[in-house]
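Those protein sequence lines, which keep their order, are chains S and E. Just so you know, we're using the numbering used here here: the first sequence kicks off at 1 and counts up by one. Just so you know, we're using the numbering used here here: the second sequence kicks off at 1001 and counts up by one.
For the record, the hints were derived by calculation from the structure and aren't laboratory data. Positions of the beta carbon are idealized from the N, C-alpha and C atoms, including for glycine. It is possible that part of the hints are untrue.
[To be verified] Short, incomplete list of chain E residues facing chain S, as computed with Cβ under 8 Å:
#1 Glu1190
#2 Gly1192
#3 Leu1209
#4 Asp1319
[Stated by the list, open to error] Calculated Cβ distances over 10 Å to all of chain S for the following chain E residues:
#5 Asp1077
#6 Gln1162
#7 Asp1218
#8 Glu1233
#9 Thr1245
#10 Asp1313
#11 Gly1320
#12 Asn1328
#13 Cys1336
#14 Asn1340
#15 Asn1350
#16 Ser1354
There are 2 protein chains.
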Amino acid sequence: MEKNQHHYSVIMAGGIGTRFWPMSTQKSPKQFHDVLGTGKTLLQQTFERMKLISDTSRIFVITSMEFTDLVFEQLPDLPVENCIAEPMGMNTAACVAYASFKISQLDENAQLLICPSDHLILNESLFAKNVQKAMSESLKKEGLYTLGIEPTRPDTGYGYIQYIPSSKQVKEVKTFTEKPDFSLAKQFIESGDFLWNSGMFIWKVSDILEALKRYLPDMYRAFENIKSHMNTESEIEEVSKIYPTLQKTSIDKGVLEKCEKVFVLPARFGWSDLGTWLSLFEQSDRDPQRNAVVGEEVKLYNAKGNMIHIEGDRVAVIDGLENFIVVNTDDALLICPLKNDQEVKNYVTNLRLSKADKYI
Amino acid sequence: MEKNQHHYSVIMAGGIGTRFWPMSTQKSPKQFHDVLGTGKTLLQQTFERMKLISDTSRIFVITSMEFTDLVFEQLPDLPVENCIAEPMGMNTAACVAYASFKISQLDENAQLLICPSDHLILNESLFAKNVQKAMSESLKKEGLYTLGIEPTRPDTGYGYIQYIPSSKQVKEVKTFTEKPDFSLAKQFIESGDFLWNSGMFIWKVSDILEALKRYLPDMYRAFENIKSHMNTESEIEEVSKIYPTLQKTSIDKGVLEKCEKVFVLPARFGWSDLGTWLSLFEQSDRDPQRNAVVGEEVKLYNAKGNMIHIEGDRVAVIDGLENFIVVNTDDALLICPLKNDQEVKNYVTNLRLSKADKYI
C-alpha cells in the first residue's frame, strides 16, 4: 500500500532515564536495549511500528549527537539524513520544535506523528488505526492531537488527561495533570473521563509551528531565524549555536497544557511506557513460578516472582529469592525488591553523589 | 635468623574445589583468589607463612601443569625449580609421593611440612611454633605427624582425629574418622579427645617414603624406578609416564589411616579450611549489619548478614537482602541463602549436567 506522502513519523530517542539502571546507562539508554528479550531493541520495535504509518523515507529519529552511531547500527534502513542529532538533550519541546522546523522545510503540508522510542505497544494495527484517525481529524480541525490510554488501574506513575465527555471518538481535552497520588488516581479512574498521557502526538506541522510561535515564542524565533539552513550542510552548525539558548521544557508543559485546541483520542492498544522494572515485569512472559527471565543461562531454584535480566555470556544461579529484581551487566549488579522499583533512580543518584559516575 | 637447612615446606596447590563457585572455577581455583579481601591470595598468604618455617629456597609448590603460570605470577619469589607440576590431578597421596621423592633426592635428611594452599591461619607465630615442635619431635621418634585443630563446635564439615590421652604435647593417634553427622560430632566434642583433621603434616622424608613403600607399594615402586630423573631435564617426561598409572587416593586414606605410628599435635592457632562460603563468611570482617563484603563499589540498603563477593571493576547495589550469598564474577552470578552453602557444589554439578561447563 502506498502510504500518504504527507505522513511523517518522528521517533524521540534521546532520553537517558535512570529508572532502568543498570541495564539502561548514560552511554546506552533503555531504548537501545532488547529489554523484553524479543530479539529487537525498543528502538527497533518502534521503527518497525512507524513503518505502518509512514514510508521509511519519512521516518525520522531525533536523538543526542552521542547516540547517532547506535541509531545507525540498530536501524540500517533509516535514511542517513533522517537521523536528527541534537547537540545536547534539551527536553521534548526543543526536540519537537527542531524536528517540526526541519520537516516543514521539506513539506509544509506534513502531518507528524511524534512518539517516544521506548514504549511497548501490543496491538500495533489498532495503534496504526488510531493514528490514522487522529491524522485525518487533524486535517479537518486545527489543533494538537494526542493519544490517551484508557487506564486499567490507578497508576501513580503516569500523567493523566481529562477530557470533556462527548459522543465523538476524538475528545476535547479539559486538563492535563501531573502524576497523582494514589487516592487521586483512584478518583480519576472512577470518574471515567481520565486517560493516561502516552506522550504520543499527532498534528499538522503548520499547527504545531503556530502553537510554538504562540506559547514558546523565543524558541520559535530561534529556529525561525535559521530555518533556511535546515537540510543543508550548515544545519548542524546553526542548530548548535541556538540549542544552548533554548528553554528546557517538555512539549506537554511548554505547549499542550497552555493550548486551548488540544484533542485526545482514547486508545486501548495494549500500552506501557516500560517506565520501571516493575512495569517491564508486568509486560514480560513469565515462567510457571512467575519469574520473568532474560539471559543466556539462568538456573533458578525456589525462585518466585522475580524480574531477572542477565546480560552477556554469563551464567546465573539464583536460589531462594522471591519478588526481587536482579540485573547483571558487565559493569553492575542490582538486587532489590520488586516493590522498590521506584527506588532505582535514587540508587543511581546516590552513586552519582558518591562519585561512582562511571557505573551509571 | 638462619633457618634449619633440612626444613622444607610443600604447598599443595592443585585443588579445584567446586564449593566456592563461581569465585573458584576450574581455570582459577580458590587458592589463587583473594577470598578475604586482604590484598593477597590464599596461595600468597600460605607462601608468606611458609617463610616462617623454611628458607625460600626450600619452599616448594606442587600444582597441576595448567596452574604453573598462575603460581609464578602470584609468587615471583618462588625459585622456578621449586614449582612442581603434576601432569594431572591425582589426589594427595601421589602429590605427597612426588614431592617427597623429589626432595629426598636433594636432601635425604629433609624434614617436610606438607600443607594445603587454601586454608586460613590467624595466629601464624603459634602455627610456626607448633610446626617446629612437630619437626623436632619427628627427629626424635619415627612416625608421621599431623596438626589437629582443637574443635570449637560440632562441625560436620571436617574429618576428626581421635588421640590417646596423655600428658605429652604430642599425642598418639587412635583413629581417623570421616565427616560425622551432627549427633556424632557432638559426642566427639564432648569426649574431649577428638581434633579436626587440618590436612597439615610434618615428617622426615625418610619416614614418609618408608610408609609409602609399605602402604602404597605400587606407587612407591613407580617413583623409585624414576627417582634418578628427579631434578633433571627428564623429570617431567618420566613423571608423565607413571602418573596416569598411580592410585588416586588421599594421603590420609592411603597411608595415615593404615599407619600405626601417627602422632598429632593439638593446635589452636585460629584455623579454617575456608571450605564453603559460610566458613568464609565466619572468618571475614563484617560491617555493623553483619555483612561480609568484598568488592570495589558495593552499596547496601537494608541488607543484613550477607556474604557479598563482587569481582572486578563493577558496582553492586543490593537492597532488602538478608542472610544471602551474592557472588558476581565476569562469567557468573550466584545468589543463594547462606544456609544453602553446601548446595553450591550441587549447582555446579547441575551446570555440568546441562552442559554449561564453560561457566564452571
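Verification of the hints:
1. Glu1190: This interface hint is violated because 34 Å lies over the 8 Å limit.
2. Gly1192: violated, 38 Å
3. Leu1209: violated, 45 Å
4. Asp1319: holds, 4 Å
5. Asp1077: Check passes; 34 Å lies beyond 10 Å.
6. Gln1162: holds, 36 Å
7. Asp1218: holds, 41 Å
8. Glu1233: It holds; glutamate 1233 of chain E is separated from chain S by about 42 Å at its closest Cβ, greater than 10 Å.
9. Thr1245: holds, 36 Å
10. Asp1313: violated, 8 Å
11. Gly1320: Answer for glycine 1320 of chain E: violated, closest chain S Cβ roughly 4 Å.
12. Asn1328: violated, 5 Å
13. Cys1336: violated, 4 Å
14. Asn1340: It is violated; asparagine 1340 of chain E is separated from chain S by about 6 Å at its closest Cβ, not greater than 10 Å.
15. Asn1350: violated, 7 Å
16. Ser1354: At about 8 Å from chain S, serine 1354 of chain E fails to clear the 10 Å cut-off, so the statement is violated.
In this structure, the earlier hints numbered 1, 2, 3, 10, 11, 12, 13, 14, 15 and 16 are contradicted, and the remaining ones agree with it.
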